[in-house]
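> Listed here are the chains, written in short residue letters.
2 protein chains.
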Amino acid sequence: MKISLSVPHFFGNELHNLKQCIKKRWISSSGSIGTAFEKRIKNYIGSKYALGVINCTSALQLSVRLLNPKPKDEIIVPSITFVASVNAIVYNNCKPIFLDCDENLLLDTEKTLEFLNTKTFQHKGACYNKTTKKRILGVIAVHTFGNLVKLSKKFLDTCKKKNIKIIEDAAESFGSYYNSEKKKKHAATLGDLNCLSFNANKIITSGGGGMIIFKDKNLYKKGIYLASQAKDNSTYFIHNTVGYNFRLSSLHSSVGSAQISQISKIIKKKKMIHDLYKKEINKINGLTILEQPHYCVSNFWLNILIIDRNKYGLSKDQIIKNFLGKKIETRSVWYPNHLQRPFKNFQKYKIKNSKKLYENSLCLPSSFNLRIKDQIKVINFLKKKFR
Amino acid sequence: MKISLSVPHFFGNELHNLKQCIKKRWISSSGSIGTAFEKRIKNYIGSKYALGVINCTSALQLSVRLLNPKPKDEIIVPSITFVASVNAIVYNNCKPIFLDCDENLLLDTEKTLEFLNTKTFQHKGACYNKTTKKRILGVIAVHTFGNLVKLSKKFLDTCKKKNIKIIEDAAESFGSYYNSEKKKKHAATLGDLNCLSFNANKIITSGGGGMIIFKDKNLYKKGIYLASQAKDNSTYFIHNTVGYNFRLSSLHSSVGSAQISQISKIIKKKKMIHDLYKKEINKINGLTILEQPHYCVSNFWLNILIIDRNKYGLSKDQIIKNFLGKKIETRSVWYPNHLQRPFKNFQKYKIKNSKKLYENSLCLPSSFNLRIKDQIKVINFLKKKFR
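Top to bottom, those sequences are chains A and B.
In terms of numbering that gives the first Met the number 0, the first sequence is numbered consecutively and its last residue is 386.
In terms of numbering that gives the first Met the number 0, the second sequence is numbered consecutively and its last residue is 386.
In isolation and in its complexed conformation, chain A is listed as follows:
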């Protein structure tokens, strides 16, 4: 039997909730089922406003739109991220500025600060790029694989001072939090606009869905308006701007509500999977499991294997291929976006780590329902170098 990378697990209450949708005859968007899911997510992470949308791609697209972009405005984004973070910028006719990652595969906020402090200037309250003379609207902080971008006080203060809005892309890090302060701060609560994913492979799933978490009530209201086709009058169909068909359906919301009730159990199991990988794989010469940064507690969504090829003797590509032969699904870390064909002509700033991280890192099977014997199988293949 195939060992999958990250597949959903159902706990039983999903079907119960789906039955309620049919019973209430409420399967499409808006209505109490969607609101209930939004409320559960808000309560869990401790935020005020949440809007369910069809997926995290649309959450990111709408978040950029809510910054009121003009064509060719710029947004900072890490090179290492799923392409949706970059597409969200391009959909809005804005331009990405690619930044490097730190050793944790996370946007390097030190380097971003350096860029902001040396390569931009302020004009009429906005931040401009010295190189392109274009306005920089925001930064998308992508919390990859469960770990959180180092959103230090200095970074947050600088962005605020320069009027750079922060969009947290927390697609992979729902449930992770910063432990550096007395009160724990959840992913998706620090930025101006914050995006979650409930795609099937995520820590909890709605079977497809996303959410925007807002700090500001007016922005939240505008988000609802734009996500609902911008109807200024729904009897006469007056539209004063171009909106989107982005609301999350009740079917998906109902599954999401079922899953969020199991989040503690899921994270507990995910940590066990992580701990076993770490314990066993870190013993292997040339292999390491990526750990959570000291300043946060991860949801341990996906485990990243870092390969020192010279020491281990096999490359990332060879390992992926060998696993595939054993019916074990792994995948590479994303190919750096500043090198992708549609984006290679956009600005990049001192990118040094991203390419290397891409070449040395892959994702290991980490599903909630990964059996210990299967995990040991994965570990043993690595120990014995597939021999």
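Among these hints, one or two may not hold up.
All copies of an identical chain are treated as equivalent in the list; a pair is satisfied when it fits inside any one copy or across any two copies.
Unchecked claim - Cut-off 27 angstroms, straight-line C-alpha distance, at most; resulting in silico cross-link-like pairs (DSSO-like, lysine-lysine):
{"no.": "1", "residue 1": "LYS71", "residue 2": "LYS343"}
{"no.": "2", "residue 1": "LYS384", "residue 2": "LYS214"}
{"no.": "3", "residue 1": "LYS23", "residue 2": "LYS326"}
{"no.": "4", "residue 1": "LYS18", "residue 2": "LYS310"}
{"no.": "5", "residue 1": "LYS110", "residue 2": "LYS325"}
{"no.": "6", "residue 1": "LYS110", "residue 2": "LYS278"}
{"no.": "7", "residue 1": "LYS230", "residue 2": "LYS343"}
{"no.": "8", "residue 1": "LYS343", "residue 2": "LYS354"}
{"no.": "9", "residue 1": "LYS159", "residue 2": "LYS320"}
{"no.": "10", "residue 1": "LYS278", "residue 2": "LYS181"}
{"no.": "11", "residue 1": "LYS23", "residue 2": "LYS376"}
{"no.": "12", "residue 1": "LYS110", "residue 2": "LYS310"}
{"no.": "13", "residue 1": "LYS69", "residue 2": "LYS132"}
{"no.": "14", "residue 1": "LYS71", "residue 2": "LYS118"}
{"no.": "15", "residue 1": "LYS183", "residue 2": "LYS382"}
{"no.": "16", "residue 1": "LYS282", "residue 2": "LYS310"}
{"no.": "17", "residue 1": "LYS181", "residue 2": "LYS267"}
{"no.": "18", "residue 1": "LYS343", "residue 2": "LYS220"}
{"no.": "19", "residue 1": "LYS133", "residue 2": "LYS71"}
{"no.": "20", "residue 1": "LYS230", "residue 2": "LYS351"}
{"no.": "21", "residue 1": "LYS230", "residue 2": "LYS1"}
{"no.": "22", "residue 1": "LYS38", "residue 2": "LYS384"}
{"no.": "23", "residue 1": "LYS132", "residue 2": "LYS71"}
{"no.": "24", "residue 1": "LYS325", "residue 2": "LYS383"}
{"no.": "25", "residue 1": "LYS268", "residue 2": "LYS23"}
{"no.": "26", "residue 1": "LYS230", "residue 2": "LYS326"}
{"no.": "27", "residue 1": "LYS320", "residue 2": "LYS230"}
{"no.": "28", "residue 1": "LYS347", "residue 2": "LYS118"}
{"no.": "29", "residue 1": "LYS181", "residue 2": "LYS343"}
Please keep in mind that the hints were generated in silico from the structure rather than gathered at the bench.
Once you have looked at the hints, place chain B on chain A.
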């Protein structure tokens, strides 16, 4: 109890299908459940290629994208349509050219032919707008309220000759067909790209969803690629163009499959509703029910009341307001798009009927489960002028 405009009805098999999704652990996009829904739709309308997408808005957006638009290319669209048909053009950085409607609230193809024959010129195999000098890529033929745009042989031939692609927006007309030829031709089978909606208010629903029907296999393949985030390699995440997260989920597909099996029953009931409205309301001085054009058979999705204010004595607005007071939901025909704020600066060609049609037309309750006594209530309010 409120009488709704158009709400879904469940037949029992929807829940059965949802259970299968959970049982098969397949609730997200792609996989056999989605393919089965696509197959059922294809078989029903008689087409070769179908791609389930998250909604009809995304179907339209992707259809325009599949015409390979360059910024400022132009697309012809009727002024009277739900805003999504126009937004799909704008999302692609193209410009709409607004055309008028005929007396059936459908794109006036005679006037469109006149526009194409007098206001365009050909250059290197493409059609250009004499006024703007921009390339005209296509025309979106919107089949409103169940009725079909008169896609005459002359119109189809002219578009082909001028290399104008036809996108059928059949969101409201799944199940309707042309009866002018020996073999019945279903809506969404004549255009190069054709869009369906399974929104909750439609003739059948998936609870939110849409579909693109293709004639061309390569275009279909490109559609799948673009709708699936344009992954040229899904292990290494290589993307050679900007794609979308547009695939329809299995949850929604499973509901759609349940509903399509009931389509004959639904259309039969819809025709009964239409016939009763027509019989009773056409007796009232100053009121008429919009009939199907002679060249097609409608699915009778929504019934349109046409008001001669001078004869009837009440305006559309007064009627809507009066119904609202009786807890009966009606809605206006869409406000003409060439007058909407985001679109009012785009080109329009001899629009004369649209505004008048908007002022004189409203949609009457037409749900599958509309009870006869409720329908008679609606009719009697109109007969007695709400007195």
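> Now tell me, hint by hint, if it's right for this structure.
We went through each hint and held it up to the structure:
In the homo-oligomer, the alpha carbons of LYS71 and LYS343 lie at most 27 angstroms apart both inside one protomer (16 angstroms) and across protomers (24 angstroms), since each shortest distance falls under that limit. In the homo-oligomer, the alpha carbons of LYS384 and LYS214 never lie at most 27 angstroms apart, since the shortest distance is 49 angstroms inside one protomer and 49 angstroms across protomers. Taking identical chains as interchangeable, the C-alpha atoms of LYS23 and LYS326 lie at most 27 angstroms apart only when they sit on different chains, with a minimum of 20 angstroms there against 43 angstroms within one chain. Taking the closest pair of Cα atoms, LYS18 and LYS310 never come within 27 angstroms of each other, the shortest separation being 54 angstroms inside a single copy and 50 angstroms across copies.
Taking the closest pair of Cα atoms, LYS110 and LYS325 never come within 27 angstroms of each other, the shortest separation being 40 angstroms inside a single copy and 64 angstroms across copies. Taking the shortest Cα distances, LYS110 and LYS278 never come within 27 angstroms of each other, neither inside one copy (32 angstroms) nor across copies (74 angstroms). With identical chains, the CA atoms of LYS230 and LYS343 are at most 27 angstroms apart between copies only, with a shortest distance of 16 angstroms across copies and 38 angstroms within one. In this assembly of identical chains, LYS343 and LYS354 lie within 27 angstroms of each other by CA distance solely inside one copy; the values are 14 angstroms within and 47 angstroms between copies.
Neither within a single protomer nor between protomers do LYS159 and LYS320 lie at most 27 angstroms apart by alpha-carbon distance, with minima of 46 angstroms and 48 angstroms respectively. In the homo-oligomer, the alpha carbons of LYS278 and LYS181 never lie at most 27 angstroms apart, since the shortest distance is 29 angstroms inside one protomer and 73 angstroms across protomers. In this homomeric assembly, LYS23 and LYS376 come within 27 angstroms of each other (Cα to Cα) only across copies, at 25 angstroms, whereas the closest approach inside a single copy is 46 angstroms. For the identical chains of this complex, LYS110 and LYS310 are neighbours neither inside a copy (29 angstroms) nor across copies (73 angstroms), given an alpha-carbon limit of 27 angstroms.
In the homo-oligomer, the alpha carbons of LYS69 and LYS132 lie at most 27 angstroms apart both inside one protomer (14 angstroms) and across protomers (25 angstroms), since each shortest distance falls under that limit. When the C-alpha separation of LYS71 and LYS118 is checked against a cutoff of 27 angstroms, the pair qualifies only within one copy, where the shortest distance is 17 angstroms, while the shortest distance between copies is 33 angstroms. With identical chains, the CA atoms of LYS183 and LYS382 are never at most 27 angstroms apart, being 37 angstroms at best within one copy and 65 angstroms at best between copies. Proximity of LYS282 to LYS310 under the C-alpha cut-off of 27 angstroms is restricted to the intra-copy arrangement: shortest distance 13 angstroms within a copy versus 89 angstroms between copies.
In this assembly of identical chains, the alpha carbons of LYS181 and LYS267 lie at most 27 angstroms apart only when taken from the same copy (22 angstroms versus 65 angstroms across copies). Within a single copy, LYS343 and LYS220 get their C-alpha atoms only as close as 36 angstroms, which misses the 27 angstroms cut-off; across copies the closest is 25 angstroms, which meets it. For a Cα distance limit of 27 angstroms, the shortest separation of LYS133 from LYS71 qualifies both inside one copy, at 7 angstroms, and across copies, at 22 angstroms. In this assembly of identical chains, LYS230 and LYS351 lie within 27 angstroms of each other by CA distance solely across copies; the values are 25 angstroms between and 46 angstroms within a copy.
For a Cα distance limit of 27 angstroms, the shortest separation of LYS230 from LYS1 across copies, 22 angstroms, qualifies, whereas the shortest one inside one copy, 47 angstroms, does not. Taking the shortest alpha-carbon separations for LYS38 and LYS384, neither the intra-copy value of 48 angstroms nor the inter-copy value of 45 angstroms comes in at or below 27 angstroms. Taking the shortest alpha-carbon separations for LYS132 and LYS71, both the intra-copy value of 10 angstroms and the inter-copy value of 25 angstroms come in at or below 27 angstroms. For the homomeric pair LYS325 and LYS383, the shortest alpha-carbon distance inside one copy (13 angstroms) is at most 27 angstroms, but the shortest distance between copies (76 angstroms) is not.
Proximity of LYS268 and LYS23 under a CA criterion of 27 angstroms is satisfied inter-copy only: 23 angstroms between copies versus 34 angstroms inside one chain copy. Proximity of LYS230 and LYS326 under a CA criterion of 27 angstroms is satisfied inter-copy only: 21 angstroms between copies versus 50 angstroms inside one chain copy. For the homomeric pair LYS320 and LYS230, the shortest alpha-carbon distance between copies (19 angstroms) is at most 27 angstroms, but the shortest distance inside one copy (51 angstroms) is not. In this assembly of identical chains, the alpha carbons of LYS347 and LYS118 lie at most 27 angstroms apart only when taken from the same copy (12 angstroms versus 45 angstroms across copies).
In this assembly of identical chains, the alpha carbons of LYS181 and LYS343 never lie at most 27 angstroms apart, being 42 angstroms within a copy and 54 angstroms across copies at closest.
Violated hints for the displayed structure, listed by number in ascending order: 2, 4, 5, 6, 9, 10, 12, 15, 22 and 29.
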